[in-house]
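Trainee: Listed here are the chains, written in short residue letters.
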Amino acid sequence: MELAALDGLARGGGPLHRSRPAAKYLMTAGFICAAASAASPAAAGRAAVVLLLAAVLAGRGVFTLWRLALYPLGFAAVYSLVFAPGLGEAALLLARVELMVWSTLILIATTPVADVLGVLAPLLPALVVDGLYLTYRMVFRLLRGEEQLWQAMRLRAGGPSRMLARDPEGFVAATAVSLLSAIEAGERSHQALELRGYSLGLLRTQTAGGGWLLPIGLSCFPVGEVLLRWLR
Amino acid sequence: MSHLHLPDGLLPWQVLVAGWALLLVMLHIAGRRTSGPAARRKLPEFAALAAAMLLAMAVPLGPLPIHLNLGALAGILLGPWFGAMAVFTANLFMALVGHGGITVLGLNTIITGSEPVVAYWCYRLLGTRLSRPVAAGIGTLTALSLSSYAAVGVLAAAGHAEHWLDRVPAQVFGLTAPLGMAAGALPLILLVACVEAALTAGLVAYLARLRPGLLADR
Numbered sequence: 001m002e003l004a005a006l007d008g009l010a011r012g013g014g015p016l017h018r019s020r021p022a023a024k025y026l027m028t029a030g031f032i033c034a035a036a037s038a039a040s041p042a043a044a045g046r047a048a049v050v051l052l053l054a055a056v057l058a059g060r061g062v063f064t065l066w067r068l069a070l071y072p073l074g075f076a077a078v079y080s081l082v083f084a085p086g087l088g089e090a091a092l093l094l095a096r097v098e099l100m101v102w103s104t105l106i107l108i109a110t111t112p113v114a115d116v117l118g119v120l121a122p123l124l125p126a127l128v129v130d131g132l133y134l135t136y137r138m139v140f141r142l143l144r145g146e147e148q149l150w151q152a153m154r155l156r157a158g159g160p161s162r163m164l165a166r167d168p169e170g171f172v173a174a175t176a177v178s179l180l181s182a183i184e185a186g187e188r189s190h191q192a193l194e195l196r197g198y199s200l201g202l203l204r205t206q207t208a209g210g211g212w213l214l215p216i217g218l219s220c221f222p223v224g225e226v227l228l229r230w231l232r
Numbered sequence: 233m234s235h236l237h238l239p240d241g242l243l244p245w246q247v248l249v250a251g252w253a254l255l256l257v258m259l260h261i262a263g264r265r266t267s268g269p270a271a272r273r274k275l276p277e278f279a280a281l282a283a284a285m286l287l288a289m290a291v292p293l294g295p296l297p298i299h300l301n302l303g304a305l306a307g308i309l310l311g312p313w314f315g316a317m318a319v320f321t322a323n324l325f326m327a328l329v330g331h332g333g334i335t336v337l338g339l340n341t342i343i344t345g346s347e348p349v350v351a352y353w354c355y356r357l358l359g360t361r362l363s364r365p366v367a368a369g370i371g372t373l374t375a376l377s378l379s380s381y382a383a384v385g386v387l388a389a390a391g392h393a394e395h396w397l398d399r400v401p402a403q404v405f406g407l408t409a410p411l412g413m414a415a416g417a418l419p420l421i422l423l424v425a426c427v428e429a430a431l432t433a434g435l436v437a438y439l440a441r442l443r444p445g446l447l448a449d450r
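Chains W and P, in that order, give the protein sequences.
When we follow our numbering, the leftmost residue of the first sequence carries the number 1, and every step to the right adds one.
When we follow our numbering, the leftmost residue of the second sequence carries the number 233, and every step to the right adds one.
In isolation and in its complexed conformation, chain P is listed as follows (with noise of 0.2 Å):
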């Protein structure tokens, strides 16, 4: 939901070698983190969610730009460092066959790449007191609305809201530009996470029944 599916040339090139530094220091670290055999091992259920990502990323939602993640679930499956990568795996992709910049890989995967994060971490936090696929469900939604929210702060940020505010309703709510427009991705926002969160959650208890040690708790 939160692929910026930015063209290159649109945004500051201050802000695209921003998110490629980013980038650089977030691979670096995963690198370091999921190294041994242990976590070699994850390689193949790795490859096979990166590849899910990739489908889901591909297929629009109707005729609105937008479509399922599925990065969360990567998080949840493989925990937040491999679930990074896998983000970086499909982005990478889908930006050699021309969705989404180049010059935008770099934010785009540092955004989309917090999705996993969020997800495992509310995911571990609820799993506890909650059942696993409300836990998930929870996660998903919570992961999906903040980097929707930061995807449209880079855009608020990058000084394209004044052109944006000329044509939603950010007016009428009276707001800043920043939470213009964020008023007015609001419905559309929320509607995505909710699918993804519903699928995840149902995808979550699927596997927790079939193969729980899939789970990343587990």
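So here's chain W without its partners, still in its complex pose (with noise of 0.2 Å):
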């Protein structure tokens, strides 16, 4: 998923990262309405051509975002053949779902986490919400303790880590090792939260700021050819 490195591209200062979070958020609906109706090859082309632009404009790393968007390609493959009449229905559903990840990939490029949570905040239980926030940093925390245990047990051990994986038990303790140490950091913290007065929503707080015309305007042009195609 590579999360750090969306991480790092959020933090850019491409004209998009200026945008208004919840501007984003519209454009990526928009990109993502047009991407879903796509019904010919040409109206693929043209969405990906926006999209392409819109990469652009989120600055460096769309190597990066290149990279990503091939991951769900193996999972769509599967799909597009099974469910595709031809080969040409499964080439425009891949097309389908490339514009769609890109769609997304380019809105977390653009905006930090805690702002696109941030935009959920209203829409969600504050539960939910701060859940989802705890659970992002909870991420790094927990491959960061798989990789400090998996590293004690290869030196422990004495062999390589692969033999380690072979041996079930082994994997097991370390899994639950893992989970249990990222539990008790979290209720650690969750604690110190609550000395400091936190009941529930950690986002409450909107950031603000930012523009609506650059990601509304680049999404004026997929959504509009939606729109002419169902009013024909």
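It is worth saying that the hints were derived from the structure and are not from the lab.
Errors might be hidden in some of the hints.
[Stated by the list, open to error] Taking beta-carbon pairs under 7 Å as the criterion, some of the chain P residues facing chain W (in silico):
1. G263
2. G268
3. L275
4. E277
5. A279
6. A280
7. A284
8. T321
9. L328
10. W353
11. T360
12. L362
13. S363
14. G434
Even glycine gets a Cβ: it sits at the ideal position worked out from N, Cα and C.
Reassemble the complex: the two chains are provided individually, in unrelated frames, and hints are given to aid placement.
Mentor: Printed below as a string of structure tokens:
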């Protein structure tokens, strides 16, 4: 998933980075709408041109996005081959998937996670929003804990970690210990927050600022095409 | 396992809207059921399990488009409502990085969110007669099988069965479309469900020794 790479990209200073997070959500919704309803290669191509422009405006890291966008291709290829009646339809389906993936990746690569989740804060229960935020932090804690644990086990066992991975009991123990240490670390953070008066709503303070024009303007073309198609 | 990973634009919009409507209802109920200071103290556990699910879902098992979910474990440790919210959290992050469509998020969460609910109740019911790890393993196996068949059922009901039937040996079995799809997917579903059931049983055994208070029935 390369969350750390996405985090780094989101801290950039491109024109889309400076736009308002809510506007970028609307832009993403527009792109997804256009991608999902692209009924011909030409329509998919036109949506791709606008998305490419958005990716360029997202600043550095287009190649990272390209690499990340390839990840769901394997999953999508299986579904495309199974469900699409012909190769042409399968290719169109894959193009739609890629357009959709690029749409969400551009959002997440130009918006810090706190802002991405902050937009959702008024729409979801406070516990869920705080849970989302803590989960994001916990992913890195778990990864670090797992890495340290495997390193320690490798050093103590004196063999490569692959040998340990073949031992199911060792694998379960390592997973359980990582999980437990993450939970305990989270509990300590939570206690500290409670001592400071925390009672849900970590993300209640919304980030303000940023323009609407660029994201809305970008999504106008594909959304307009979808609307025109419906009206015809 | 039952995570659909379907791209946007494949399923009919009625199915997607129904999925989102069900998701909003589920989140609303879950939000009400998990309010209060006692529930708030579960937040770190909830976050750790959602993060573990996120990591498990991001790692495909070999070349096959399948992975572990840990949704059943979330149900056994957190209870059904917190478990379902953990599933939503993991699915949302996955959708944001392009793994599974945004429009399918509702459907994905409803189907995968059934795993903690089923696993929790199986674990509760069987836990009085069997040992905890065995109850957890059986609960996980049941939950994963049901949710995987629910996913297959959604695909069949969405009208894609005829293309599938051209490619899998459903005709050999001589079954109708949904049953044929289910039969075709059976070996894969059972394989992954068994692996995850064994892992969940092992984790429950380990956690029951180290910190029994973490289990939802304590």
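Trainee: All hints, please: hold or fail.
Mentor: Against the structure, the hints come out as follows:
no.: 1; hint: G263; result: 3 Å, holds
no.: 2; hint: G268; result: 10 Å, violated
no.: 3; hint: L275; result: 6 Å, holds
no.: 4; hint: E277; result: 5 Å, holds
no.: 5; hint: A279; result: 4 Å, holds
no.: 6; hint: A280; result: 4 Å, holds
no.: 7; hint: A284; result: 6 Å, holds
no.: 8; hint: T321; result: 5 Å, holds
no.: 9; hint: L328; result: 5 Å, holds
no.: 10; hint: W353; result: 22 Å, violated
no.: 11; hint: T360; result: 24 Å, violated
no.: 12; hint: L362; result: 19 Å, violated
no.: 13; hint: S363; result: 16 Å, violated
no.: 14; hint: G434; result: 4 Å, holds
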